[in-house]
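**Student:** Could you fit the two chains together into a complex? Lean on the hints.
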Amino acid sequence: MSQTIHEAQEIATAMAASLPQYPDTIILIPAFNEENNIGFVLDAIHREVPGIPVVVIDDGSGDKTATTAKAHGASVITMPYNSGYGVALQTGFIYALQHDYRLVIQMDGDRQHDPKYIKTLIQTIRKEEADVVIGSRFLGVGNYQSSFPRRLGINIFGRLASWITGQKVSDPTSGFQAIRGNAIKFMASDFYPPDYPDADLIIMLHRFGFKIREVPVLMHPNPDNKSMHRGHKTIYYVFKMFLSIFATILRKKPEL
Amino acid sequence: MIAPPIRYISIIICFLLVIYVFELVRRKHLNEEYSVGWLVTGSIMLIFSIFDGLLKWVSELVGATLFTSTLFFFGLMFLVVICLHFSIRISALTNQVRRLTQHTAILYHEKSELEENIEKPGYEVPDSHLEKL
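In order, the protein sequences belong to chains A and B.
Sequential numbering from 628 applies to the first sequence in my numbering.
Sequential numbering from 9 applies to the second sequence in my numbering.
By construction, these hints were calculated from the structure, which means they are not laboratory data.
All residues carry an ideal CB built from backbone N, CA and C; glycine is no exception.
Careful: at least some of the hints might be erroneous.
Stated by the list, open to error - From the structure, some residues in chain A lie toward chain B, with a derived Cβ separation under 8 Å:
1. 663
2. 702
3. 717
4. 721
5. 839
6. 843
Claimed, not checked - Far from chain B, some chain A residues (derived; all Cβ distances over 12 Å):
7. 662
8. 755
9. 766
Next up, chain B with everything else stripped away, as it sits in the complex (with noise of 0.2 Å):
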């Protein structure tokens, strides 16, 4: 089936990526959202490199010459679903902290005008703005 030397990097390499994801939610370095596309991916490219006689029906049955391929082929659609998902991720985070900046900034403002006024005689505490936030 696959040439030994290639399949068994591919085993320890996709062994090692799982085992270093999920060590990494343990430790709550990574959240979970994040690590499913990495986990599987992983699991996949796992199953795929220990039973090759399942490598060689789906690479016959998507036309793949070379079985290595079809795994390469394959970690590397996984590779550009995670990228979108990623893009997806940052523009709603870019998004947020434009909100965030832009709230802070006014917030900031009117404590400081409320510092600077609230000693004054006669001065009126402005009502609450907060409920439109």
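For reference, chain A alone in the conformation it holds in the complex (with noise of 0.2 Å):
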């Protein structure tokens, strides 16, 4: 009797080892044009947290991003043109959807992100039991250099979210998030906006009733100096966000 409680431990040992460290979870990066940045972030992920399956979502890019990643250990996921980060980016959440993953990593593919921070944010949304977790870059960690009108849009909309969702939003730009359980499933839907994926979502994710957490991570300075806000596109962006804001909150509380 008590050699098969014995052996029964010995398995459950076994068992425990052998399980992966980080189970059904994704990492997700969309790149457009990222040939020199890619193997560099890949190389890193796989450094920092070996074992994680890592999706890159090759938003029609013109250069080699799609076999670079391949070669670095990644699967690639090319969209048949350019549709924009949002787009490529909701591909990779309705891919986890499919595929069963209960934690979703996204992050950027251009250097910005450290991957040394996935860790943190994976242990923030199991301490926390969060359903969002935002890597900010203004929590104290590094000294990160933007310019005036870009600390001026994420100062205004963070301030306008934090007052929304009553819970402090720093960073609501970040790329870098952790996301688990049904927040995949919003982030899968209709709901979701797909042409900047911002505050506006946030406060959305708020509605919903998940529960968002920041944590500080360290964000380098983007290397090729590229923005997905620039010229034109800013005032539509501001333009936009707020609508979309407005109509957020104006909305009947949604459901799934």
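**Tutor:** Right under this line is the structure:
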């Protein structure tokens, strides 16, 4: 009798050892013309959190982003044409939902996001039992410099999101996040704003009742110094964000 | 009533518009859904152009001094409605194209992954995920 209990314990220990450290977890990286950076990012991820599958969503790049990503061990989903950051990212969420992943890490492929902090995101989401954890560059780690209009935008929409959600949102534009459970379903749904997922997304997540937390992360300045928001698009972005936030709070409490 | 030249021009244009839209539907160049707005606008403008007593009555009702302004005002209103209808349709189509693009990309990825691995010994074909689409 005691023999069998002992055996069962042994089997349990062996099973625990063979279980992956991060089960049902996937990393999504939307990438557009990142052949110079994607390899570096993927290698760093494999060093930091080996064993987590990585999916690069190649958003119709004209360069060798897809081949490079594949050579560095990622799965690659190629969009048939350039469809924008949000659409590419959502494709990853649909993929994650279809394959029953329970925890999604989203990050950029341009070396801005430091893969060292993937563990921090995962630990925070587990410890706080949150649905969404946002990696913020403005919570003390590092010293992130960006242009004045960009800082102003982040500040205004951060304050607006903080005011509406009743909790501090210091970096609403951050694309370095961990999302789990039903929040993945939300990200794959039609509620998701696909052109600039930003402060309005955070407010929507809050309205759905998801628990959002922020965690300080290190972000490096973008080596190519390109941003999603440039030129006349900035004006459209500001307009769209105000409209989207306003429409979101006037909508009836939605259900998934 | 209305000065004859503008009245005849209006009748001819509205008549041609209605005929042309109908012909486009017949040749299947235009879906019935999109033809409705044009046919209604064209027909009403045509009726007003032909029966100018009716136009006079409406003009006095809304307080327009020129009969032609009544005609163009209501014509313009219809165009606004038609344009808005198009914007709504374009939004729906954009969303549909987005979904299609995303699912196409995922399906292509899964297809190439299957093709790569199916020959390898010990490869198990994964369960179908299609029912969740």
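**Student:** Run every hint past the structure and note whether it holds.
**Tutor:** To see whether the hints hold, each was checked on the structure:
1. 663: Because about 23 Å separates residue 663(A) from the closest Cβ in chain B, which is outside the 8 Å limit, the hint is violated.
2. 702: Holds - the Cβ of residue 702(A) comes within 8 Å of chain B, reaching about 7 Å at its closest.
3. 717: This interface hint holds because 6 Å falls under the 8 Å limit.
4. 721: holds (6 Å)
5. 839: Interface hint status for residue 839(A): violated (25 Å vs cutoff 8 Å).
6. 843: Violated, about 32 Å.
7. 662: Holds, since 19 Å exceeds 12 Å.
8. 755: holds (29 Å)
9. 766: Label holds. Min Cβ-Cβ 33 Å, cutoff 12 Å.
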